[in-house]
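> In order, the protein sequence lines correspond to chains A and B. In terms of the numbering used here, the first sequence has 44 at position 44, counting the first letter as 1, and numbering is strictly consecutive. In terms of the numbering used here, the second sequence has 283 at position 81, counting the first letter as 1, and numbering is strictly consecutive.
A hint or two may mislead.
Computed from the model, here is a short list of chain B residues facing chain A with C-beta under 10 Å [what the hints assert, rightly or not]: (1) A228; (2) S238; (3) Q239; (4) D254; (5) L260; (6) F308; (7) A315; (8) T322; (9) R334; (10) L339; (11) F378; (12) L380.
Listed below are the simulated SDA-like cross-link pairs for lysine to any residue, each with C-alpha atoms no more than 25 Å apart in a straight line [as the list claims (entries may be wrong)]: (13) A:K9 / B:L339; (14) A:K54 / A:L27; (15) A:K131 / B:R301; (16) A:K54 / B:R241; (17) A:K9 / A:A101; (18) B:K333 / B:T242; (19) B:K249 / A:L135; (20) A:K131 / A:L145; (21) B:K249 / A:C19; (22) A:K54 / B:T253; (23) A:K131 / A:W103; (24) A:K11 / A:W103; (25) B:K256 / B:C345; (26) A:K54 / A:L137; (27) A:K11 / A:L137; (28) A:K9 / B:A302; (29) B:K333 / B:L229; (30) B:K333 / A:C150; (31) B:K256 / A:G141; (32) A:K54 / B:S298; (33) A:K54 / B:L339; (34) A:K11 / A:Y69; (35) B:K213 / B:T253; (36) B:K256 / A:T51; (37) A:K9 / B:S298; (38) B:K256 / B:R241; (39) B:K333 / A:D52; (40) B:K249 / A:A102.
For the record, the hints were derived by calculation from the structure and aren't laboratory data. Virtual Cβ for every residue (Gly too), placed ideally from N, Cα, C.
2 protein chains.
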Amino acid sequence: MAVIGLERKVKVAEVALRCLVCGLGALAAALVATGSQTRTFFSLERKARYTDMKALVLLVAAQGAAAGYSLLQAARCVATMARRRGGGSGSGVMGSRSRAAAWCVFSFDQAVAYVLMAATAAALQSSLLGKRGQLELQWMGICDLYGAFCRRVGEGLACAVASGLAAVLLAALSAFNLFRLYDGGKSSSSSYSTGNGNGATW
Amino acid sequence: MAVIGLERKVKVAEVALRCLVCGLGALAAALVATGSQTRTFFSLERKARYTDMKALVLLVAAQGAAAGYSLLQAARCVATMARRRGGGSGSGVMGSRSRAAAWCVFSFDQAVAYVLMAATAAALQSSLLGKRGQLELQWMGICDLYGAFCRRVGEGLACAVASGLAAVLLAALSAFNLFRLYDGGKSSSSSYSTGNGNGATW
Numbered sequence: 001m002a003v004i005g006l007e008r009k010v011k012v013a014e015v016a017l018r019c020l021v022c023g024l025g026a027l028a029a030a031l032v033a034t035g036s037q038t039r040t041f042f043s044l045e046r047k048a049r050y051t052d053m054k055a056l057v058l059l060v061a062a063q064g065a066a067a068g069y070s071l072l073q074a075a076r077c078v079a080t081m082a083r084r085r086g087g088g089s090g091s092g093v094m095g096s097r098s099r100a101a102a103w104c105v106f107s108f109d110q111a112v113a114y115v116l117m118a119a120t121a122a123a124l125q126s127s128l129l130g131k132r133g134q135l136e137l138q139w140m141g142i143c144d145l146y147g148a149f150c151r152r153v154g155e156g157l158a159c160a161v162a163s164g165l166a167a168v169l170l171a172a173l174s175a176f177n178l179f180r181l182y183d184g185g186k187s188s189s190s191s192y193s194t195g196n197g198n199g200a201t202w
Numbered sequence: 203m204a205v206i207g208l209e210r211k212v213k214v215a216e217v218a219l220r221c222l223v224c225g226l227g228a229l230a231a232a233l234v235a236t237g238s239q240t241r242t243f244f245s246l247e248r249k250a251r252y253t254d255m256k257a258l259v260l261l262v263a264a265q266g267a268a269a270g271y272s273l274l275q276a277a278r279c280v281a282t283m284a285r286r287r288g289g290g291s292g293s294g295v296m297g298s299r300s301r302a303a304a305w306c307v308f309s310f311d312q313a314v315a316y317v318l319m320a321a322t323a324a325a326l327q328s329s330l331l332g333k334r335g336q337l338e339l340q341w342m343g344i345c346d347l348y349g350a351f352c353r354r355v356g357e358g359l360a361c362a363v364a365s366g367l368a369a370v371l372l373a374a375l376s377a378f379n380l381f382r383l384y385d386g387g388k389s390s391s392s393s394y395s396t397g398n399g400n401g402a403t404w
């Protein structure tokens, strides 16, 4: 019974983290993508948009894709919990099938975490260059001219960082879920039945 | 016996990956940090160095630290293998102590992988800006002027990407090692002794 309680807590934490990644990712993408500011210099009109920086375009795409993926995965988790509560297929599920599915989820979760971290780091770097410029290369900062746009991108980046951290936690949880399942089906009857209790020394 | 063979193969793969991260990380840091090019414009001398870009400084620091950490960890792995072959402490090691050590190694390996990916992504983004410039912001590329320096940084970045990918593989291996150990000590006697065989459904 205690094991089923733990199982349920892990599943609830997983759904909460997936919803967090989805919400923050969508918010980050929306904030960055909808931010723009127009300034007029003499008679010349100039508009700052996220498409002016490739790293921000990559961030919007990565956060949008991660939000969509997280929404689908959260729905799958909720459906699994509802089926279990309703006494559905239960113990009749084939071990190899759930293991293959777990490998898929683990791989995608890891990929999402790394892609979000990389895209966010690249966007942060670009935005810092945009804010401060780089005098050694004669690159001027643009935030003195486009303050409102820079603030909007900054808010989006804060959401992106939070979303990336949630994805990292989710990837760790996903690894825990996978290897627990994997060991339970196969190794627990071989590696751990040796009576050693220290299958691997560190 | 087959389990011990697998154990050994996993350990050898771990040492190989740690050496790879160490070698590639050190090479990446050395290539980027030692690259410089001086050009004279009329009577004005101008030198391009990696310190001109904060992202490259971050990359050198991250790759250097990762190389040092990987070297220490590889030495620890080799020492553990040698002790086991020599019939050292063996099964007398306390489970809780090795589990705490495994958590440390897992946490550091995950952190190294994420930091390397983030630092490499930021450096790649900066370098692409340095190569192509960003016309919308009136930022000019510098690789037409400093070709040799850009090529050197490019080689360093290639090593950094390879080092980052090896660190990601290592993080996955480290997660596998940790959760296998964790489950073997605790959950295998509770979760998997229920006779269900499907501790978690996916």
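> Below or equal to 25 Å on CA atoms is what counts here, so check K213 of chain B against T253 of chain B.
Judged against 25 Å, a Cα distance of about 38 Å means the pair is violated.
> Have a go at the R334 of chain B hint: is there a Cβ in chain A nearer than 10 Å to its own Cβ?
Holds, about 9 Å.
> Checking one constraint from the list: CA of K131 of chain A to CA of R301 of chain B, max 25 Å. Satisfied?
Not OK: K131 of chain A and R301 of chain B at ~45 Å, beyond 25 Å, violated.
> Are the Cα atoms of K54 of chain A and S298 of chain B separated by 25 Å or less?
Violated, at about 48 Å.
> Between K256 of chain B and T51 of chain A, does the CA-CA distance stay at or below 25 Å?
holds (23 Å)
> Is K249 of chain B close enough to L135 of chain A, meaning Cα to Cα at most 25 Å?
holds (14 Å)
> Return the status of the interface hint for L260 of chain B: holds when the least beta-carbon distance to chain A is below 10 Å, violated otherwise.
With a minimum Cβ separation of about 8 Å from chain A (threshold 10 Å), the hint on L260 of chain B holds.
> Please check whether T322 of chain B passes as an interface residue: C-beta within 10 Å of a C-beta belonging to chain A.
This hint holds: T322 of chain B lies near chain A, its Cβ roughly 8 Å from the closest one there, short of 10 Å.
> For the pair we were handed, K249 of chain B and A102 of chain A, check the Cα-Cα distance against 25 Å.
violated (53 Å)
> Would the pair K333 of chain B and C150 of chain A pass a check requiring their Cα atoms to be no farther apart than 25 Å?
holds (24 Å)
> Between K256 of chain B and R241 of chain B, is the straight-line Cα distance small enough, at 25 Å or below?
holds (21 Å)
> Given A315 of chain B as an interface hint, is its Cβ closer than 10 Å to any Cβ of chain A?
holds (8 Å)
Going through the hint list in order, the structure does not satisfy hints 1, 2, 3, 13, 15, 16, 21, 23, 27, 32, 35 and 40.
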